[in-house]
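Q: Residue strings, one per chain:
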Amino acid sequence: MLESLRRILALIRKELLATLKDPRGRFVLFAPPVIQCVIFGYVASYDLNDVPYAVIDRDRGGASHEILARLDGTGVFHRVANLTDEGELKAYIDDRRALLVLVIGPDFEREIQSGRSAALQVVADGRNSNTAGTALGYVGAVVEDFNADWRTAHGAAQAPLSLIDRVWYNPNLETRWNFIPSLVGTLTMLQTLLLTTLSIAREREQGTFDQLLVTPFRPGEIMVGMAVPSVLIGAGQATTILLVAQLWFRIPFAGSYLTLYSGLLLFLLAAVGIGLLLSSIAATMQQATLYTFVLMMPFMLLSGLTTPIANMPVAVQYFTRINPLRYAIDIAQRVYLEGVGFGRLGADLWPLAALALVTLPLAAWTFRRRLT
Amino acid sequence: MNGQAAAPALCARGVHKSFRRETGETVQALDGVSVEVAAGSLAALVGPDGAGKTTLIRLATGLLRADAGELSVLGIDAAARPQEVQNRVGYMPQRFGLYEDLSVGENLDLYAELHGVGAEGHAQRYPQLMQMTGLGPFTRRLAGQLSGGMRQKLGLACTLVCSPQLLLLDEPTVGVDPLSRRELWEIIDHLVEREGLTVLLSTSYLHEAERCHQAIVLNQGRVLVQGAPRLVTDRAAGRSFLAVPPSGQNPRDFQAKLLDGPGIVDAVPQGSRVRVVCDASEDAASPLDGAALIPVPPRFEDGFMTLLRQVAGGGGAAPISLGRPLQRHGGDAVVRVRDLVRTFGRFTAVDHVSFEVRRGEIFGLLGPNGAGKTTTFRMLCGLLPASGGSLEVAGSDLRSARAAGRQHIGYVAQKFSLYGQLSVRENLSFFASAYGLHGALRRERIAWAMEQFGLQPMERLPSCQLPGGYKQRLAMAAALLHEPELLFLDEPTSGADPLARRGFWRRINALAGQGVTVIVTTHFMEEAEYCDRIVILDSGLLLAQGTPDEVRGHAIGAGREPTMEEAFIAVVERTRGRDGAGPQA
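If you read the protein sequences in the order shown, they are chains A and B. FYI, the numbering for the first sequence is 42 to 413, going by my numbering. FYI, the numbering for the second sequence is 94 to 678, going by my numbering.
Bound-form chain B, shown alone:
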């Protein structure tokens, strides 16, 4: 860092900001926040949903005014002279406003003009940006036709046309696959190291905070820690272990048991073992029950969870229990896919993919954007007919008997997709009827859903006004009303914070434990660890399948056990290299 002598790029002193919800309650988004970001440094904002990350970033752009406190950006008072701040700051919101019907080049031109960048400045900046983002070959492509990763790169390039001194990025890597994420990070590193930019970004990928100069942990509008990421990581020093499940015990059940146990801060599955973070007490001995413990160096996430547990206490979602045992349809393989093909015109989205999903397992579909995950997923759900091959879901071929087959499946879309104007109860009531439930059974199932997902307090609220976490619970409840034996979840944890993700996986675990088969797509590679088996797709081809440990085996050679993300990148890159053809970008 070279900003010791210079004035800080961003300096907040006792900043407060509150909002009024539509329901009338006041939300304290920032509650006396004081932070400092040194010029020329790279700082990460982390924290659960609703911690105030986006609010802080928007205050720094001068788009919002603080209720109290001082905020200076590049030495300028953000509240008094917001226009001057905006002239010098680049801001990329979570959903950057690209014009989908304009080409890459036209989008850049437009943003250059909006920022008043003249033709000569433009001509000088343009090649740099193209080279840095690798968008050069695609200047004529429409922005709407770019992959998720490329859109983010284009958004970043548009933010950079005016040569800002401070770059504010709100969750720039969310929903972007690991390969594109790595490329984005290379750009950000380049900007900080070579061009001397100051970058403040928020992220829900905690390991990304590890590579920043400074980490700022926010929780409920307050700063918990700020400083070098090590400060956070060290909270878990000497307390991180890999626990080997006692023989005969499923690692997933073992992990669930540990998560509930006293003295345990965090437990996440890692292959056939469980990564455990204990607290300072000695209480952890009883749930661990003499399992073998291998000490491992702590990660940022371990420290983060320790911090949050100290302020928020334990708890999390209670696992759900089905009302009664599931009925079975078909054999042991709940899903059978043989040589599945789907073409759109001349483009082959899914290319002879075959796999099986066994009853009661959690099955993960992983792959970069455009890999064919969503297409495969939609065909499995009967939303899209296959172009070739065979498909059997819960004992019926969805292509011939779609209506009957759908009775056995539940589906939760990535985006909240229940009726926003209808209340929680009205939504449940509609979906219960849609699945043919009526009379006493219908009342019973709705009551079950209300209770299991803790929806009673929100019963009459229109579902569009539900807080984020409740929306997902309602979507899950609606998908489980008819007791499906197969549950499809499309990117269920995208945009969710680490705590919410753990709560979610506990529910999924409990469901699988009771015999529900779960098929899930995810961008979070470490979440593949919760799955019994996974497949990796790229460019429509199935690259690898097996248990997380087996897939990880593809990337051995690093000397230590590779992370799921490294394994994923290794598998995808190896295949792309072998074929000699890059992805169709």
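Isolated chain A, as found in the complex:
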């Protein structure tokens, strides 16, 4: 038992040395998470900061002037042109010169003054439905404000309902707050999977595997010796991302580190299990890399990071239950932003533990079977 432990420790030390000794190796492991984190933080956002729009104003009255001034005043919309006919409208949308075109009819002012409802037509570029939807939402809010102010100014009755919103855990609804904690799962998974999958494939390809097998190492010891360094390095990467999130982006950490790291540990074990399984199947490093990327894409898409799982077809929703990333992202977001404790994470922790308990022994079994 003690001897077995000594051998495993030697293997862990060797793996860590081989991975971290080379400055290039260290750079490849720890620089991309930081760089990607910063890129995601600044680039990947659903918030719109600059919406170019054009207008066809056939009325040119006080009301149309008022609503355009309100739009320009948001700081988000900027007018790129005042158009006169529909042909120009199509050209502006097609060439992406404008995301939206507002069409104000000739009787706009008159309709409002006479107490009827006037139509404000908005044509949006739906080629990116996400952006178009968000932009339309902003226009809707401006129109809502306009309506309310108009009623007050003209002594009309107030609308029966008024909405008062409070957004918890992300008061300003910044996409960044949602994305960056999720990267703790996403980036770590990619790197851990790749590292683990390459570990045995590298030994095979460089001929060191036979040398390892003629030593008294048992297959199980080799598996543990390969798994532990990957988990350690994965935890190191997750820590790097957490540091960037807090020190650079100043996103407040609401939960407990113990909870987060316990969840991460289960997640890393599940990921390493998958990695080792791939590793015992892959004959070369090239195959190992390919397998990793083939798997990584569905893991990402079906993780709930970019699109809600509840919107997916039911069959696919079942599939997401064997996706460790789904649980890791949920844990990261909820612990980081919401501050939940162990008690309310059961739905995430148990599946991860089950995944680890299935993939690790399966990997060990495949590994042993491939040896004979």
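Think of the hints as simulated: they come from the structure by calculation, not from any bench. This one's a predicted model, so the numbers in the text were calculated from it and none came from an experiment. From the three backbone atoms N, C-alpha and C, an ideal C-beta is built for every residue, glycine too. It is possible that part of the hints are untrue.
Below are the DSBU-like pairs computed for lysine-lysine, each with C-alpha atoms no more than 35 Å apart in a straight line [as the list claims (entries may be wrong)]:
#1 B:564 x A:62
#2 B:508 x B:350
#3 B:508 x A:62
Covered stretches of chain B (chain A as the covering partner; in silico rule of three or more C-beta atoms under 8 Å from a C-beta of chain A) [what the hints assert, rightly or not]:
#4 496–502
#5 506–520
#6 528–542
Add chain B to chain A, keeping to what the hints say.
A: Chain B only, in chain A's frame:
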């Protein structure tokens, strides 16, 4: 030779070439080399590792440029017009780039297209090449599934598709078994004699230089001798003998003693006797100690060793001594193999093989490529389970108790297989722990390995940056840390030069002398002479076993004592002829 009047095919004048190593030091690969190869002749480049053989060949292809000096190939300045040189020269590097997933025919087509050989030229050349190489029946086979010898033949055929005037071959026969080697040489002879090609090749099989028109001996970037091979052989004229060991003395110990003795240039075992080359002095009398000497005609190798000793002086590796006596496990037979079978699907790689290896002996596994040597070897090491039969290594059956049995064996793979990124010390430290050494014993064993194998100066260097010889020493050191009673060596001397090989065998000899059992596979048939007993395998069958003398006895009839290589070919051919079935090629 018919090239007297014609311009030389290759002419180098004072060529210099140096390289920078990754560690920053500069290596002078060629240091003022002047050579000439006559058109239509066959020339051999020989010399120790790092002598500059490959560099000279690559310069002649125009792939490298010399730092100084002139080099003309077929009358063209290789530095100024490399493309013209490449159009007329065929070059086969040590590892020829065959596409393993393409068939034999597709590889040939590809190389023909790369060289711009048109369809009609191709159609004319193709049957010739197929007939010459004997690859005709295998055009549809994938190159990755060819044996080592056939791959070399295919490489040669690919080099020949463009009908070159000068053929440059870098170690074409290395790692190829004797039968395939003989076939390769028949092709080369045919090319020179019938097609008038000029061939320059490098080789570490010294007897191959003997059959060339010209031998060029390189050492540390300088030419030692160039001219007819006899010029080299004659250096040892009148100094080659067979020495009979004094009664009661093991020929192996006698050989080791001679190698250390004054006045002795070279000593290699040959059956129950030792082949000795003395130097010009009379000093050799004392180590020979009145042993009976039978004068024999010198070989090229004798002359070569004499030459090298004159420039390089004596020395070589000091033999190793184990720290303390070995512990024994099991009986006198360290390895017992009974009816061993291994099948891969319907193919039987090892077919009911039985042999025993006794404690403290050097045991050789010989055979052509695909004979089942490696499969047998891997089963012995516990890397591959047997399909049938029984196997006992160091007192345990590796199939049931593999982890325990492995504690008693050491294994050195053919290809360097330690961790390249880790330093020498880190590698040793890892393998010491892997074998369960810890605390004071671990420190002691690592210190022992560093000292015995002279690794101290390289302690902190990543092992991938070690020079070739040191890599092998490190691999041996790692395999001996846990004091195994059984050492497995897979093709340990493949690609090593004659001097390095002698150093290596001295170490092995010393280990065996101290009770370590050594099991070795080798392509160099003369190295079988260092073994106490050998087995010859072919197509999975055990063809012969016994002492080298006994095996040599199978080939009597040549009138003189046959060489090990001749004996090997005789044994393999006789069995193949008897069965009526050729090898599965």
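Q: Hint by hint, which ones does the structure fall short of?
A: none
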